[in-house]
Amino acid sequence: MNTIFSRRFPTRLKLLIFVLISLIVILSTDRMSPYRVYLTSLLSPLQFMADAPVEMLDSVSDSVKSRATLIAENKILRRQELEVSDKLLTYEHLKLENIRLRTLLGSPVEYTQRKLIARVQSVDSDPFRLQLVINKGLDHGVYAGQPVVDEFGVVGQVLEVSQLNSRVLLIADNSHAIPLQIQRNDVRLIGLGKGDLHQLELQYVTKSTDVKIGDMLVTSGLGGVFPEGYPVARVSGIENRGSEIYSNIKITPIAKLDRVRYLLLLWPSQPLETEQPLKGE
Amino acid sequence: MRAHPITSVFVIWLSILCAAFLQIMPIPPFLDPFRPNWILLVALYWSIAMPHRFNLGSAWIAGVILDLVWGTTLGLNALAFVLVSTIVVIHFQKVRSYSIGHQALVMTGISGLYQSLSYLFELSLSDVIMPSGYYLSSIVTVLAWPWLFLVLRKARRHWRIN
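Protein sequences, first through last, are from chains A and B.
Each residue of the first sequence is one higher than the one before, starting from 1 at the first, in our numbering.
Each residue of the second sequence is one higher than the one before, starting from 1001 at the first, in our numbering.
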């Protein structure tokens, strides 16, 4: 049982083997994702354990709230409800009218059918990625590529799922791009994450495009991931450099990406059969 | 009396899971950059303390665990773990005989190397930006290593792991 000379494989050979295995695993990331679900599910109890104290503190602070705070909160909520229901009165009417007009045009609009509230688990993630872990997973019907919003606007999409929780990629992440349109004039653009929670960029916008500071950008529904019409960001800065064809446009996300606690998972209704191949992954 | 091999393996992997817990545990955001890479440090401890129970394959699995709890591309941290623990495994007898302070400095260097490697690997996959204070995590290792070393040595002696 001498451990110095009688090793079965020399360290260098082992190193080579594991480097090769790692490279294969990294390069076949897409093919590994079904297996990753099982592996992540095995480890997700750790995330629930890490999050448990925070969740407990939340419920404790809920149960010891004073009468005065509750009354104040109630007042605010009542006022908000009144405002919202006032908007809804006209919204219902407009929605019906819109559906009728769309039917006349022969292109019925799809409305999101199912929604689910998820809580953000306070666990740490990869320092290079802007991700969140939420407490809903395969068991609740969550799927990879599912759109996620908060009460203000689009937050991101589900990146990977496990049995009980899942990981959301924020729109501000480096690897994320989202198809947008300007609410004012329906010009279509692409919003690109830059790794900064407070700022995104618009890509390939020619100088002649009609974009103004303060313009509201909503999802365009292209690409099949995000349903049409959800608010995403506002234009916050336009910069034109002399020699370049495209202008450099900064946009500020409307969702509070740095302090989200509750999120809404959306199930956009299935697109028409003929559009299925487009949806792909 | 020596512990049963299964007990040893169980205690080693339990300590890795505890490290994974510390790795994702919520802490105030301003302290977040100061969190040492616990999984890496525990893996390095076992590679120098019992290289016959914790070899490069084990380091690779520890890296995969980090990939899974962090949501990193699978295999990326595993690759970095294997590369840096090779250095430690080759010199395990030398490192084992260093004083705790000396070991802490070596581990800080190793952790810094690991962070540089994982940044390079991330960079090769997509154009990521290095977060501010990225290397603070390695610098804190100087303080974290002595405590970790003492705790794990205590555990190793208590269960007579061999």
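Accuracy of the hints is not assured; some may be wrong.
If you want a taste of the chain B side facing chain A, the calculated C-beta under 7 Å gives, among others [as the list claims (entries may be wrong)]:
1) Phe1021
2) Met1050
3) Leu1056
4) Ile1061
5) Gly1071
6) Thr1073
7) Gly1075
Hints in this document: simulated from the structure, not taken from any laboratory.
Even glycine gets a Cβ: it sits at the ideal position worked out from N, Cα and C.
Checked hints:
1. Phe1021: 6 Å, holds
2. Met1050: Status violated, d = 9 Å.
3. Leu1056: 5 Å, holds
4. Ile1061: 10 Å, violated
5. Gly1071: Check passed: Cβ of Gly1071 (chain B) comes within 5 Å of chain A, closer than 7 Å.
6. Thr1073: 6 Å, holds
7. Gly1075: Holds. Min distance 3 Å.
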